[in-house]
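Visitor: Okay, here's what each chain looks like letter by letter:
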Amino acid sequence: DAGVIQSPRHEVTEMGQEVTLRCKPISGHDYLFWYRQTMMRGLELLIYFNNNVPIDDSGMPEDRFSAKMPNASFSTLKIQPSEPRDSAVYFCASSFRVGGTEAFFGQGTRLTVV
Amino acid sequence: EDQVTQSPEALRLQEGESSSLNCSYTVSGLRGLFWYRQDPGKGPEFLFTLYSAGEEKEKERLKATLTKKESFLHITAPKPEDSATYLCAVQRNRDDKIIFGKGTRLHILP
Chain A
1 DAGVIQSPRH
11 EVTEMGQEVT
21 LRCKPISGHD
31 YLFWYRQTMM
41 RGLELLIYFN
51 NNVPIDDSGM
61 PEDRFSAKMP
71 NASFSTLKIQ
81 PSEPRDSAVY
91 FCASSFRVGG
101 TEAFFGQGTR
111 LTVV
Chain B
1 EDQVTQSPEA
11 LRLQEGESSS
21 LNCSYTVSGL
31 RGLFWYRQDP
41 GKGPEFLFTL
51 YSAGEEKEKE
61 RLKATLTKKE
71 SFLHITAPKP
81 EDSATYLCAV
91 QRNRDDKIIF
101 GKGTRLHILP
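Going down the list, the sequences are from chains A and B.
Residue numbers for the first sequence follow the working numbering, beginning at 1 and rising by one.
Residue numbers for the second sequence follow the working numbering, beginning at 1 and rising by one.
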């Protein structure tokens, strides 16, 4: 397996524009996580899915953020409208559901909102 | 509130100088504790999972230990290639949510 695949790797957009980040989890993993990482706040969990169903979205900063998982092999994180304070690295991760199991991370998307 | 606190925030060591990184946690029912390594510009890479107090895991120069309140990542005779940010995370029983600490930036000087 190629691991968790995220696209794009880098995104630069203007304030107010819509941004869509994409993720393909590892085949067979039941859980998918979206994280945001900044120097100030570290790695923050935004939302996670179990079997394509959102379980906890309490980390989503505000209504401008939304996430979907239409099937087991694809998820999106959308920001509309984007703001400069959304600039960060966004990671997607996936894991099995077998006791305490580690999550495997993608390479991340570095988002810059100007 | 469940939380994970890592210390120190940053650590500089000479090559060969052994040390330990600390991860203190409070969680309502621990399913597992994870250690990750993160290199600049990359996603976190899994190192260890610990499930219960007293458990230890080793990999090359790294050894992770776990008590009921904290975990240590011991690094023995480190090399410059061990330089990275080391992240600790806990997974809680009731909903499998994973909570990360802010990490320790480790720099090994040749």
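If you're looking for bench data, these hints aren't it; they were derived computationally from the structure.
Do not take every clue at face value.
Here are the simulated lysine to aspartate or glutamate pairs, EDC-like style, with alpha carbons at most 16 angstroms apart [to be verified]: (1) B/Lys-79 - B/Glu-17; (2) B/Lys-97 - B/Glu-17; (3) A/Lys-78 - A/Glu-14; (4) B/Lys-97 - A/Glu-14; (5) B/Lys-102 - A/Glu-18; (6) B/Lys-68 - B/Glu-55; (7) B/Lys-102 - B/Glu-70; (8) A/Lys-68 - A/Glu-83; (9) A/Lys-78 - A/Glu-18; (10) B/Lys-102 - B/Glu-45; (11) B/Lys-97 - A/Asp-30; (12) A/Lys-24 - A/Glu-14; (13) B/Lys-97 - A/Glu-62; (14) B/Lys-42 - B/Glu-17; (15) B/Lys-97 - A/Glu-18.
Visitor: All hints, please: hold or fail.
Guide: How the hints compare with the structure:
1. B/Lys-79 - B/Glu-17: 9 angstroms, holds
2. B/Lys-97 - B/Glu-17: At roughly 35 angstroms apart (the allowed maximum being 16 angstroms), B/Glu-17 and B/Lys-97 break the hint.
3. A/Lys-78 - A/Glu-14: Given pair A/Lys-78, A/Glu-14 holds - Cα atoms ~15 angstroms apart, limit 16 angstroms.
4. B/Lys-97 - A/Glu-14: The hint is violated at about 33 angstroms.
5. B/Lys-102 - A/Glu-18: Judged against 16 angstroms, a Cα distance of about 29 angstroms means the pair is violated.
6. B/Lys-68 - B/Glu-55: 11 angstroms, holds
7. B/Lys-102 - B/Glu-70: Holds, because 15 angstroms separates the two Cα atoms, which is no more than 16 angstroms.
8. A/Lys-68 - A/Glu-83: Given pair A/Lys-68, A/Glu-83 is violated - Cα atoms ~20 angstroms apart, limit 16 angstroms.
9. A/Lys-78 - A/Glu-18: OK: A/Lys-78 and A/Glu-18 at ~7 angstroms, within 16 angstroms.
10. B/Lys-102 - B/Glu-45: Holds, because 15 angstroms separates the two Cα atoms, which is no more than 16 angstroms.
11. B/Lys-97 - A/Asp-30: 13 angstroms, holds
12. A/Lys-24 - A/Glu-14: 26 angstroms, violated
13. B/Lys-97 - A/Glu-62: Between B/Lys-97 and A/Glu-62 the Cα gap is close to 20 angstroms, so the pair fails against 16 angstroms, i.e. violated.
14. B/Lys-42 - B/Glu-17: With a Cα-Cα distance of about 26 angstroms, the restraint between B/Lys-42 and B/Glu-17 is violated, given a limit of 16 angstroms.
15. B/Lys-97 - A/Glu-18: Distance ~28 angstroms between B/Lys-97 and A/Glu-18 Cα, so the pair is violated.
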